[in-house]
Each structure stands twice: as structure tokens, then as C-alpha cells.
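There are 2 protein chains.
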Amino acid sequence: MARIDAISSGYYRIPLETTLSDSMHGAMTAFELNTVVLRDADGVEGVGYTYTCGRNGAAIEALLQRDFPDLLLGEEADRIEHIWNRIWWAQHYGGRGGPTVLALSALDIALWDLKARKLGQPLWSLLGGHDDRVTCYAGGIDLDLPLEALLAQTDGNLGRGFRAIKMKVGRSRLAEDVERVAAMRRHLGEGFPLMADANMKWSADDAIRAARAFQPYGLTWLEEPIIPDDVAGYARLVREGGVPVAAGENLRTLWEFKQYIAAGAVTFPEPDVTNCGGITPFIKIAHLAEAFNLPVTSHGAHDVTVHLLAAVPNGSYLEAHGFGLDRFIAEPLRIENGLAIAPSRPGHGIVFDWAGLESVRA
Amino acid sequence: MARIDAISSGYYRIPLETTLSDSMHGAMTAFELNTVVLRDADGVEGVGYTYTCGRNGAAIEALLQRDFPDLLLGEEADRIEHIWNRIWWAQHYGGRGGPTVLALSALDIALWDLKARKLGQPLWSLLGGHDDRVTCYAGGIDLDLPLEALLAQTDGNLGRGFRAIKMKVGRSRLAEDVERVAAMRRHLGEGFPLMADANMKWSADDAIRAARAFQPYGLTWLEEPIIPDDVAGYARLVREGGVPVAAGENLRTLWEFKQYIAAGAVTFPEPDVTNCGGITPFIKIAHLAEAFNLPVTSHGAHDVTVHLLAAVPNGSYLEAHGFGLDRFIAEPLRIENGLAIAPSRPGHGIVFDWAGLESVRA
Numbered sequence: 002m003a004r005i006d007a008i009s010s011g012y013y014r015i016p017l018e019t020t021l022s023d024s025m026h027g028a029m030t031a032f033e034l035n036t037v038v039l040r041d042a043d044g045v046e047g048v049g050y051t052y053t054c055g056r057n058g059a060a061i062e063a064l065l066q067r068d069f070p071d072l073l074l075g076e077e078a079d080r081i082e083h084i085w086n087r088i089w090w091a092q093h094y095g096g097r098g099g100p101t102v103l104a105l106s107a108l109d110i111a112l113w114d115l116k117a118r119k120l121g122q123p124l125w126s127l128l129g130g131h132d133d134r135v136t137c138y139a140g141g142i143d144l145d146l147p148l149e150a151l152l153a154q155t156d157g158n159l160g161r162g163f164r165a166i167k168m169k170v171g172r173s174r175l176a177e178d179v180e181r182v183a184a185m186r187r188h189l190g191e192g193f194p195l196m197a198d199a200n201m202k203w204s205a206d207d208a209i210r211a212a213r214a215f216q217p218y219g220l221t222w223l224e225e226p227i228i229p230d231d232v233a234g235y236a237r238l239v240r241e242g243g244v245p246v247a248a249g250e251n252l253r254t255l256w257e258f259k260q261y262i263a264a265g266a267v268t269f270p271e272p273d274v275t276n277c278g279g280i281t282p283f284i285k286i287a288h289l290a291e292a293f294n295l296p297v298t299s300h301g302a303h304d305v306t307v308h309l310l311a312a313v314p315n316g317s318y319l320e321a322h323g324f325g326l327d328r329f330i331a332e333p334l335r336i337e338n339g340l341a342i343a344p345s346r347p348g349h350g351i352v353f354d355w356a357g358l359e360s361v362r363a
Numbered sequence: 002m003a004r005i006d007a008i009s010s011g012y013y014r015i016p017l018e019t020t021l022s023d024s025m026h027g028a029m030t031a032f033e034l035n036t037v038v039l040r041d042a043d044g045v046e047g048v049g050y051t052y053t054c055g056r057n058g059a060a061i062e063a064l065l066q067r068d069f070p071d072l073l074l075g076e077e078a079d080r081i082e083h084i085w086n087r088i089w090w091a092q093h094y095g096g097r098g099g100p101t102v103l104a105l106s107a108l109d110i111a112l113w114d115l116k117a118r119k120l121g122q123p124l125w126s127l128l129g130g131h132d133d134r135v136t137c138y139a140g141g142i143d144l145d146l147p148l149e150a151l152l153a154q155t156d157g158n159l160g161r162g163f164r165a166i167k168m169k170v171g172r173s174r175l176a177e178d179v180e181r182v183a184a185m186r187r188h189l190g191e192g193f194p195l196m197a198d199a200n201m202k203w204s205a206d207d208a209i210r211a212a213r214a215f216q217p218y219g220l221t222w223l224e225e226p227i228i229p230d231d232v233a234g235y236a237r238l239v240r241e242g243g244v245p246v247a248a249g250e251n252l253r254t255l256w257e258f259k260q261y262i263a264a265g266a267v268t269f270p271e272p273d274v275t276n277c278g279g280i281t282p283f284i285k286i287a288h289l290a291e292a293f294n295l296p297v298t299s300h301g302a303h304d305v306t307v308h309l310l311a312a313v314p315n316g317s318y319l320e321a322h323g324f325g326l327d328r329f330i331a332e333p334l335r336i337e338n339g340l341a342i343a344p345s346r347p348g349h350g351i352v353f354d355w356a357g358l359e360s361v362r363a
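Protein sequence lines, in the order shown, are assigned to chains S and H.
Be aware that the first sequence starts at 2, since it is given in our numbering, and climbs by one per residue.
Be aware that the second sequence starts at 2, since it is given in our numbering, and climbs by one per residue.
Calculated directly from the structure, the hints in this document are not laboratory data.
A hint or two may mislead.
The list treats identical chains as interchangeable, and a pair is accepted whether it falls inside one copy or across any two copies.
SDA-like, lysine to any residue: derived pairs with alpha carbons at most 20 Å apart [what the hints assert, rightly or not]:
(1) K259 with D206
(2) K285 with R80
(3) K119 with E46
(4) K119 with R80
(5) K259 with D231
This structure is a prediction, so every number in the text was calculated from the model and none was measured.
Just chain S, same shape as in the assembly:
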């Protein structure tokens, strides 16, 4: 055991190559990146990060600079559950959710990275070691692409080795969404895994109507069509829509996932390790899903998440979605025959180009 000697944080603004848009977040021109580096008394380091689609990053940096250090420094680095709970309760009153949970997620990833590096183990092995090859899909943020551009983007993804693809839905008329889904199905052929993501656009009844309209096209799942606060609406959608439902990128705690899972409100729980509280709760969510005989999928941060889905027996489609971060990472995610491969390097194996990041400080 060694105590934590140092914590440092970084706050960056990563410009996107092209402006992205979906049904609720509007135009996104840059993602924020917040990093955490820990060092223990033996000089071993751990690195974590979180990201936003453009806002709240300054608050995350304030938490990492001002609130977390005195809760963390001097603690034994191996006691992750102790540290996680110490911070959760110290920050709880103003911090149950939002930027505080994103900051905690980044810290928790750094703690697990440190532990795994110290043991010389890749995270996927340390956390369970199911299978280092994980099915994955290309997640397009393509709601406003004309149909031809959508199909061309799809051909590009097929060329990059993807064997599953997600598209956005939630255009102003449902008929347009149905037409685009039908065109994608024709283009990809029967049986090719295709998902559709509505980004909270619809009411429960709208979502049920849309799910039924999508039924002929065999979607692997319909993703987050309703606001995350409407658990009862999701439960109706699962019962009445006739299409599997993925949700979770906007849930911030193990307990929110428990509400969904226990209520039969989700088919593919979809935590994001950078905003659900980190690796500690992500693995618990995966195990909770397993107990309910459900798969677990993921959102964002594919370089960390590939380890988590490789660790557990119920890991399902990894979302490959790098939001411009790949050019600041030494060895971006490897994909072969539609499978993402968890690195065998100790920890999560992500090495940031810190000098390059200097140029995009927020």
C-alpha cells in the first residue's frame, strides 16, 4: 500500500473536425476534456479523464482543483471504495449528480489505472478477465446528414472494419426517420446490427409509436428516446414498443440504473464510465444487469470502456466514438473484424500526448 502524494488536473477544449448535431444537444463544435493524474508515494501514476459536449468543464476543473485534493491526499491509493465513498459523502449535498459526478468519474478511473499499473495488469484482466475481444459499433452523430452522406459515412465505417452501426433519429417528422432507417437496412442487408439513437427527443407515446414504426427493420436497439427522468415511460416503451431499448448515458449513479433495471425499463443498460461515477460503479452496474439477465453496453470513452466490457461476461456492443480525442492518444483503439481489442498494456494503457494537449487548454 502507498499513499497518494499528488493530484493534478487539466482542462482542455478539443475542437471537432466537423460540427456534430443530434435531436437535443444542438450544434456541437468542441468537446471539453478534463484529466486527472495521480501519483502515489512509490512514484506510480494513474490517469483518468471525463469529457462534456461543451459545457460544465470549468466546474469539473474547479472541483478537481479546489474540493478533491484535501479529501484524497494522504489516503491509501488501493482503498478505492473508501476514497470513492469519502468523496461521494463529502460532496453529496451540492454534488449528487452533475459536474461533481463527472469529476469523481475521472478520479476513479485514475485510481483503477494506478492500481492496475502497480500490479502490471491490464484493467480488463484485473476487473474480471472475460474476453479481450469485444463486439463494437460505430456511433454516428449524423441526424442532419443528407441520406446520401449518411450512406457514404456508413461505407466509410464498413471500410474501417465495423460490423455494427448506430445512426441518429429524431428528425422533425417520424416518416423521415423511418425512411432513413429503411434505407440503412437496405444498404446494410438483413441481420447486420443496426441501432438508432433519438437523444431524448420524444414523449413515451411518441417513442412507442416510433418503435412500432421501426419494427420491420429489426433494430438491435432504440436508444434513449425519452428524457432520463421518465422511468415509467421507459417501462411502458419496453413493454409496448416491440424493440429493445438502450438507455443510460444520462444516468449518474448505480441507483438510477437500479431504478431502470428493477422496473423493467431498459434492455441494454448503457453507462458511461466518465459520468456514472467511474469504473467502480460501472462494474457494479454491469453485474446488476447480469443479475437481471441483461447485457451491458456502453457510451463514450471507448479506450477505457473496452476494458470494462472485456472484463464481464455480459459485455455487449462497445460504442466506438472518440470525439476528436484520438489524435491526442498514443495508440488509439484497435478494431479487427468488427471486434475491439482491449490492450494488454498495464492499466487502461492510454497515453496522452500532454504536449499536444497544451495547445488546446481551455
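Mind docking chain H on chain S? Use the hints.
Structure of chain H alone, referenced to chain S:
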């Protein structure tokens, strides 16, 4: 209509006269105060604030400084629902909960203050105008006070005109809590409104056991005995405990309150206007409670909240709990014969001693 011309924020650390403690938050030596001042094109101002029990305030300040101004400046000040939703969705991905909702709460209070000042109306009248006299109680943070000091504090509160009192429970042995509640009941006499607050200390089963042990002492309510994430546990407590249940200081949205209320998981919904998203959702929560034939009570920020409970027909006990802020406010809350009186000044009528606050900048 006039557009918003300026926003400024302040971040302060208010030392407490004595260190406070409850069952989950540990020792509290200072509260953080975050303020917002808006000015519209006609020069009319609105003031809002939020507070924390010591952490997350720097993140709130970062949001008010860095994220909110471009979402707000140039908007028509009267379109509060428009502004609230614009910020909610712009900040949503990283900000559904936590410091972002506290910052939004402060802003929303400032918007309503501005609107009411412009109309020359006190908030309680503008928002509904039920009755400017509101039953209230003294909320003690007194878990670790010896019994004699607890009774002496109680006598002080009676002397200050209070006709209802809340005490903390959640000591290491339930028998101690029962003994202290019994002593308070003897001291106050039959029928005097007495509440007990456990600050999330217990499991659902612990809480049910405690509620049954408290039954002979006629508590007005047992407050927040379980973590806010366990809605099913609260529903069991209401059904099986035999004591009314208050909860809500750690719920951050209208939708979280809807989950509790629709599930029969709370008797006294207890939003805090400085952390539930502001006056806009507070009033909706009050009306939702009314639709379910429930009272609404409140947590913290009594100077603002007195207006909200005075506005609605189902307003119940106001918590009087100033966390050291009174000495920075020109005219602290008036209490007569156990009733708090909503000021007749335009807006909420709180005038901060800005010069005095300079000395406690964080």
C-alpha cells in the same frame, strides 16, 4: 419586456458561529454562499443565491462565470420558462444535477426577483397570494448536543417565538434517539409540533424500526432517514412505519419529486428552492403535491421560501434555518406567534450587505 444586460456572481464562505454536525455530513464549520445579480435594460435588478454545506461552491461560481452568461445575456428577462429550459438543455449532459442545478436555482431566484420588483409586487403575492403568514419551525442541527444542551436550545427557540421544533436523530444507538425524542416530548408537552431528522443515516428497515419506536411520541414527521436514491425504501417506510415522512432536500428536479409523490414515498415533500432548480420548479412541486392532496414544506433559505409557502394553499411548516447568513441581510425573517411573515417589499425583499460580504469572499 426588457433584455438582460448584465449578470454578476459572488462566492463567499460564511463561517458558522458554532460547528454543526448531523448523522451524515460530519462537522460543518462554514457554509458556502453563491450569489447572482441580474440587471435588465431598464436598470431593474434581481438577486438570487444558493448555498452549500462547505463544498461544490467553486464549481457553482465557475458555472455562473463561464457557462451561463452567453446563454442569458440578451434574453428577455420576463421569459423565465424559456431561459430556464434553455439553460437546462444546454448544460444537460454534464449538468443534470449537482452544482449546475444549484447555480440554475440561484439564477432562477434572481429572475423571479427581477420580475416581481419590476411589477412592484412581493413574490408571495405574484406567485399565488394565499396567506402571508406561514407556520414555521426552528430547525436545530443538534445531533451531538448533550440532552441538557438540547433542552436549553429548545427553550431558546420557544423564547424566540417558535411554536414547532425539529431535532436531529441518528445517534449510534436507536435507544439514545428514542430517549432524546421522549425527553423533548415531555419538555414540550402533548400536541406541540415536533419533527426529527435522520439525515440519510438508516436503511429502509432501520428507518421502519425507528419510526415504530417513535410512534408513542407523536412526531409531526420523520425526515430523510434513508438515502434519496432509495425511492422503494421510502414507499415502504410510509406504508409500514406509522409516522409521516418528509423528504426532498437532496432531490434536484421536479421529476425526482414526481417519482416520490407518485410512488406514495413521501408525506411532506420538502424542496429547497436553492437546489431544486429554483422558484420555477419549487412552485410546480408544490402544485404537484396539492394534486396528490399533500402539504409542501421546505428546506433552507427561509427568506425566499417564506414567499413560496405563502403563495400556495398547501404550504406547510417553513424551516427557519439561516446558517449564519442573517448578519448579512438587512431585515431578517420576522416571526410572530410561531408564524413567519412574508415581507411586503417588492421581490423577495432580501437586501444583502454586499460590503460586509466582501470580508468573507471565498
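Homomeric proximity label, K285 with R80: Cα distance no greater than 20 Å: within (17 Å within a copy, 43 Å between copies)
Identical-chain pair category, K259 with D206, by Cα at 20 Å: Between. Shortest inter-copy distance 19 Å satisfies the 20 Å Cα cut-off; intra-copy 23 Å does not.
Alpha-carbon proximity context of K259 and D231, limit 20 Å: both (14 Å within a copy, 10 Å between copies)
Alpha-carbon proximity between K119 and R80, which holds within one copy, between copies, both or neither at 20 Å: within (14 Å within a copy, 55 Å between copies)
Homomeric proximity label, K119 with E46: Cα distance no greater than 20 Å: Intra 9 Å, inter 56 Å, cutoff 20 Å: intra-copy only.
Every hint, counting from the list given before, is met by this structure.
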